[in-house]
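*Asks:* So the protein sequences, as listed, match chains A and B. Counted the way numbering that gives the first Met the number 0 counts, the first sequence spans residues 0 to 393. Counted the way numbering that gives the first Met the number 0 counts, the second sequence spans residues 0 to 393.
Note that these hints are calculated values from the structure, not bench results. Among the hints, erroneous ones may be present.
Same chains, same label: a pair holds when it works inside one copy or across any pair of copies.
What the hints assert, rightly or not - With a straight-line Cα cutoff of 20 Å, these simulated SDA-like cross-link-like pairs (lysine to any residue) come out:
#1 K27 x S129
#2 K155 x G47
#3 K127 x L56
#4 K227 x N240
#5 K172 x A59
#6 K21 x D167
#7 K27 x T5
#8 K223 x Q308
#9 K21 x Y7
#10 K172 x P9
#11 K172 x R44
#12 K21 x I168
#13 K172 x Y63
#14 K155 x R51
#15 K172 x Y7
#16 K21 x T5
#17 K27 x P9
#18 K223 x A318
#19 K172 x E53
#20 K223 x E209
#21 K155 x G116
#22 K127 x G17
#23 K27 x D320
#24 K227 x M0
#25 K127 x Q54
Number of protein chains: 2
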Amino acid sequence: MIRNFTYYTPTKVAFGAGAEAKTGRLVKEQGCRKVLLHYGGGSARRSGLLDRVEQSLAQAGVEYVQLGGVVPNPRLSLVYEGIDLCRREGVDFILAVGGGSVIDSAKAIGYGAANEGDVWDYYMGLRKPSACLPLGAVLTLSATGSEMSNSSVITKEEGLLKRAYNDDISRPKFAVLNPELTMTLPPYQTASGCVDIMMHTMERYFNQSENLELTDGISHALLKTVMKNAAILLERPEDYNARAEVMWAGSLSHNGLTGCGNDGGDWACHKLEHELGGLYDVAHGAGLAAVWGSWARYVYKARVERFAQFARCVMDVDACDDPEACALAGIAALEDFFRSIQMPTSLRELGVNPTESEIEEMAAKCAAGAPGGTVGVVRPLEQADMAAIYRAAL
Amino acid sequence: MIRNFTYYTPTKVAFGAGAEAKTGRLVKEQGCRKVLLHYGGGSARRSGLLDRVEQSLAQAGVEYVQLGGVVPNPRLSLVYEGIDLCRREGVDFILAVGGGSVIDSAKAIGYGAANEGDVWDYYMGLRKPSACLPLGAVLTLSATGSEMSNSSVITKEEGLLKRAYNDDISRPKFAVLNPELTMTLPPYQTASGCVDIMMHTMERYFNQSENLELTDGISHALLKTVMKNAAILLERPEDYNARAEVMWAGSLSHNGLTGCGNDGGDWACHKLEHELGGLYDVAHGAGLAAVWGSWARYVYKARVERFAQFARCVMDVDACDDPEACALAGIAALEDFFRSIQMPTSLRELGVNPTESEIEEMAAKCAAGAPGGTVGVVRPLEQADMAAIYRAAL
């Protein structure tokens, strides 16, 4: 029987060319008085985006203070700084202008500013926050889906510990999605984002429960759309419609839609990649591509029919009389696709070459961060399995 | 270029077996004190559903008053009664227990109770409401999608005038979707609901703009899922998973998801059917099935490629070398499907036989209710076109 589920996607999406001009009005609708304008490096300033957003806030009569400097794999130290700033300035709304790192950092600041105690406790699973400052996003990179999701990933510098916390109270109130803002991304970042988007659906798709056909059909359509348009963007990075397809897929892939009715999905690849990201600061999507094939070959026998369906319905594998051969052909076909958009399918291609002791360290940290010490549902992975997958991915 | 759009689906969905037990908690989350419990005939009482909902409200400590008696094609007179009751009793939340008619009636009461003046003005396009009482739904029939949508259709007894009003402020705060609650529906109502669900996506799909491939892919998946499971339910009305597929498709089909990025869609069939429904009190979905083929053959030449894509991707029509033949084969195939689930494909099969003067009256009312006097975008229809389609559908 299909499982019970909750679906909650309250984020108001303003999608399209020039949509950032609506930012001030969207903040105003929330009835907030003082905004923390949160962003990353200099590119949002240089491109003129921050100026346009500030102009929109000023037109709406919204006051704001600024905090830039978010880096990929956003850091806990800046989160602490943001929490202090919010308290000092009486901030009641956080506006993230950037990619997933900035939005994740904004969510962490939102938790921290609305509750007593150390915000890191939530990411370590020690406590739960009772509230989060309301936040909105102006997205500049299609990848993490953080603009509609309930999740946030933060890295603690000490020990390079990368941890996620998911809570519906942090879902952004609004998301400004202008595909034009993603046109100047380097090809590697675009492709890495496309892999991340695909993986948010695939982590849900590979599960151990019955599935709604409707959720499967939506997932197949989303994955095929991203693959087709990722290839287009390699050739024509300024193709507006292709940017729009990828951007909308990025939001739908991680807002819960592609997980309705199942057991929640596997998520082992994300957990394995988080340890890579903590240790090496690699692009998240590229890291996922580098481990996925090794994970899939390690676990597919526990769910052959599902891998075969993926092969038929997403990868257009024809020869599917033998489910196992079909499943393996689907895995190989997705790796071929990753390579075709210049994504790695091994750690070496990712540019990292962990020693045996580093592999053991990553596996140990991954197991230590998992409830019960295992990750994944297709085939629950213990620490030794994790190390084996890292090794297979070398 | 893909059009700009807003996507806003704030409704929290509690989906699954026994989900109505969460109703009291969901109302309580909204911070409301006094509920109008709104429902239709005696079946919700006889089935024990109303008792379970009342028990859940009592457990959560929520007070309520009751107003039953909503009929299909819900009446304005009961809406007025509900508005008076809300004002008299200080109601601050409306809980609709039933199908689309009950939810639509609740939305109308919500508009009326939160604003001065005649609520019918909104449905006649004379004014816009500034607020709506918050509302929630416990759904008993998969069809209208009103549980997540911004739309409401009310019939004024005087002149049998059936009119719709759409406004995001009426989107339900929550929707309780328990597929079990739809298991006892008669086959005709189940099939009629499936047609209505399909048409909410098809009205958006047949448009005159560019389209997001992702939206198209989701639409294809949704339509195929509904067709497959409508056929299953004809054989096994108590198949939980099939009821779940149809129920979730019903909500996604009309919450905006299948319209993202296009011009808003055609909606001529809905407008044509509204006049039938106003005059004859037919089941909405059956009325849509009865006119769709005649509409499609009347307009398809204005968008042959789109009808051909529908034929290929939804109806699995193979012979598509000639787009026009492919388009026509797709229309015929959908009519075959309607007949296979015992839905009408003509007015006679629907059980109505309007005279020429009744046809003229329906066309005149349809044109009078439309901005600029035309309905639809695939091929904008004037009054004479509407009459021609009714005649072709005889």
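*Asks:* Does each hint hold? Answer for all of them.
*Replies:* Structure-based check of all given hints:
1. K27 x S129: between (24 Å within a copy, 17 Å between copies)
2. K155 x G47: Neither: 31 Å inside a chain and 53 Å across chains, both beyond 20 Å.
3. K127 x L56: neither (32 Å within a copy, 27 Å between copies)
4. K227 x N240: Classified as within: same-chain Cα gap 12 Å, cross-chain 32 Å, threshold 20 Å.
5. K172 x A59: within (17 Å within a copy, 27 Å between copies)
6. K21 x D167: between (24 Å within a copy, 18 Å between copies)
7. K27 x T5: Answer is between: at 17 Å across copies they meet the 20 Å cutoff, but 29 Å inside does not.
8. K223 x Q308: The answer is both: 14 Å in one copy and 17 Å across copies each meet 20 Å.
9. K21 x Y7: Close across copies (15 Å), not inside one copy (24 Å); limit 20 Å.
10. K172 x P9: both (7 Å within a copy, 10 Å between copies)
11. K172 x R44: neither (24 Å within a copy, 38 Å between copies)
12. K21 x I168: For K21 and I168, the Cα distance is within 20 Å only across copies (19 Å; inside one copy 23 Å).
13. K172 x Y63: Answer is within: at 17 Å inside a copy they meet the 20 Å cutoff, but 30 Å across does not.
14. K155 x R51: neither (32 Å within a copy, 48 Å between copies)
15. K172 x Y7: both (12 Å within a copy, 10 Å between copies)
16. K21 x T5: The answer is between: 11 Å across copies meets 20 Å, while 30 Å in one copy does not.
17. K27 x P9: both (17 Å within a copy, 18 Å between copies)
18. K223 x A318: Answer is within: at 19 Å inside a copy they meet the 20 Å cutoff, but 24 Å across does not.
19. K172 x E53: within (18 Å within a copy, 32 Å between copies)
20. K223 x E209: For K223 and E209, the Cα distance is within 20 Å only across copies (19 Å; inside one copy 22 Å).
21. K155 x G116: Close inside one copy (16 Å), not across copies (58 Å); limit 20 Å.
22. K127 x G17: neither (37 Å within a copy, 27 Å between copies)
23. K27 x D320: This pair counts as neither: shortest intra-copy Cα distance 58 Å, inter-copy 53 Å.
24. K227 x M0: Between copies, since 17 Å is at most 20 Å while 34 Å is not.
25. K127 x Q54: Neither. Shortest intra-copy (36 Å) and inter-copy (30 Å) distances fail the 20 Å Cα cut-off.
Violated hints, listed in ascending order, are 2, 3, 11, 14, 22, 23, 25; each of the other numbered hints is respected by the structure.
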